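Trainee: Those sequence lines, one after another, are chains E and C. Taking numbering that gives the first Met the number 0, the leading residue of the first sequence gets 0, the next gets one more, and so forth. Taking numbering that gives the first Met the number 0, the leading residue of the second sequence gets 0, the next gets one more, and so forth.
Hints are not guaranteed to be accurate.
Remember, identical chains collapse to one label, so a pair may be satisfied in a single copy or spanning two.
[Stated by the list, open to error] Using 20 Å as the maximum straight-line C-alpha spacing, the simulated EDC-like pairs for lysine to aspartate or glutamate come out as follows:
#: 1; residue 1: Lys104; residue 2: Glu90
#: 2; residue 1: Lys81; residue 2: Glu187
#: 3; residue 1: Lys2; residue 2: Asp134
#: 4; residue 1: Lys139; residue 2: Asp3
#: 5; residue 1: Lys113; residue 2: Asp3
#: 6; residue 1: Lys203; residue 2: Glu187
#: 7; residue 1: Lys59; residue 2: Asp93
Treat the hints as calculated values from the structure; they're not laboratory data. Everything numeric in this text was worked out from a predicted model, so none of it was measured.
Protein chains: 2
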Amino acid sequence: MNKDVLRDLSYGVYVISSKKDKRDVGCIANSVIQITSSPITLAISINVDNFTNQAINESKEFVCMILPTDIDNNVIGTFGFKTSAEVDKFEKMDIVEVDGYPILKDAIGYMRCKLIKQVDMNTHTIFIGEVISADKLSTKESMTYAYYHQVKKGKSPAKAPTYIASEEECETSNQKKYVCPICGYVHEGEMPDDFVCPICGAPKKVFKEVS
Amino acid sequence: MNKDVLRDLSYGVYVISSKKDKRDVGCIANSVIQITSSPITLAISINVDNFTNQAINESKEFVCMILPTDIDNNVIGTFGFKTSAEVDKFEKMDIVEVDGYPILKDAIGYMRCKLIKQVDMNTHTIFIGEVISADKLSTKESMTYAYYHQVKKGKSPAKAPTYIASEEECETSNQKKYVCPICGYVHEGEMPDDFVCPICGAPKKVFKEVS
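The following block holds chain E by itself, in its conformation from the complex (with noise of 0.2 Å):
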């Protein structure tokens, strides 16, 4: 069986965000699709080890918005990278608030979902939820999972349904590697003293030399 043909299935990139305990809360996702049009209906796969997970379970809701092609690396880092369990997570974002939910500025839009069924899939949940609101902000483009390791350069988290263990071990070059400890990007070559990790905002001085 060749698993490389699996990354050629097309996604977008998404933050999905709900509620625990009155906090809001959020992840990256990219499997996301509609399913029916009337109603409104969308189905999303999330991790059962990322926090939104739970959230979803007990709130019932979820949000999900679009991402453009340039949104800053920080709400990847942020979103992808990091935990609603240890972090507030929209505390530095540029939000609007819609029905009491945080709304990033820089999304392309957001669907707002009650959740109507729920299917567990040992690793993961599938979210069925009815969209009760939905708007557009702005007519950017919307990133696509390719775009965002292509040019982008970005890597999956090992709990994406996505991750493909041996993503890092593809390259192939003599120049001296340095690993981001948050989000998994890897730099090539010497790094200026201002560098920044272009996926999740980490300074110079966190990066590990990869050996």
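Given the structure of chain E, go ahead and fit chain C onto it with the hints provided.
Mentor: Same frame as chain E, now just chain C:
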């Protein structure tokens, strides 16, 4: 509620095939996501009125083929806008047989799945399959649904989950318009005698003038 934002979700373009009474059947789908990586599982959404839906229901197997940007329009036209109830969709296709299933030679790759769960969503069924064999056939770029609409000027059939009824009404022009009755493609301006529908390959003579 602004439904337009639903169009900013990102999808690929796939042929989903299965078997019905030992016959190979299939249709176009864009709602395909990976759910888990161990075992590798996929979720797909198929309209209940699609012949392929019945086939998956009965055979408990399906194959997902990933289409590249340069896929022949005839593949989209045949699999997207005709029904396997009336037509042998694989008859004139260039295929290779794998484990008894026809695989389109022009696909980027395929995943053959054993059905492990299904979720009834009224107009659609979510089929969840475990990938039991998979291979990559080329290194071409995957066609995204956005590319299909923007570059190929493709339309969505009314049975697609992402169909928006007002889709055709956004255009304004003084030129005469002709609609393809098979796939819904709208052509503006005069058509040369050898004109064929760029989406489904239908000849000029079947086009109807839009009043």
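Trainee: Within, between, both or neither: how does the pair Lys203, Glu187 come out at a Cα-Cα threshold of 20 Å?
Mentor: Result: close within a single copy only, 13 Å intra versus 56 Å inter.
Trainee: Up to 20 Å between alpha-carbons, please classify Lys2 paired with Asp134: within, between, both or neither.
Mentor: Close across copies (7 Å), not inside one copy (37 Å); limit 20 Å.
Trainee: Within, between, both or neither: how does the pair Lys139, Asp3 come out at a Cα-Cα threshold of 20 Å?
Mentor: Cα proximity of Lys139 and Asp3: across copies only (13 Å, versus 30 Å in one copy).
Trainee: Please sort Lys113 with Asp3 into within, between, both or neither, judging by C-alpha distance up to 20 Å.
Mentor: between (35 Å within a copy, 19 Å between copies)
Trainee: My question is about Lys104 and Glu90: at a cut-off of 20 Å on alpha-carbon distance, are they close within one copy, between copies, both, or neither?
Mentor: For Lys104 and Glu90, the Cα distance is within 20 Å only inside one copy (13 Å; across copies 50 Å).
Trainee: What label fits Lys59 with Asp93 when the C-alpha limit is 20 Å: within, between, both, or neither?
Mentor: Neither, since 25 Å and 47 Å both go past 20 Å.
Trainee: My question is about Lys81 and Glu187: at a cut-off of 20 Å on alpha-carbon distance, are they close within one copy, between copies, both, or neither?
Mentor: neither (23 Å within a copy, 51 Å between copies)
Hints 2 and 7, counting from the list given before, are not met by this structure.
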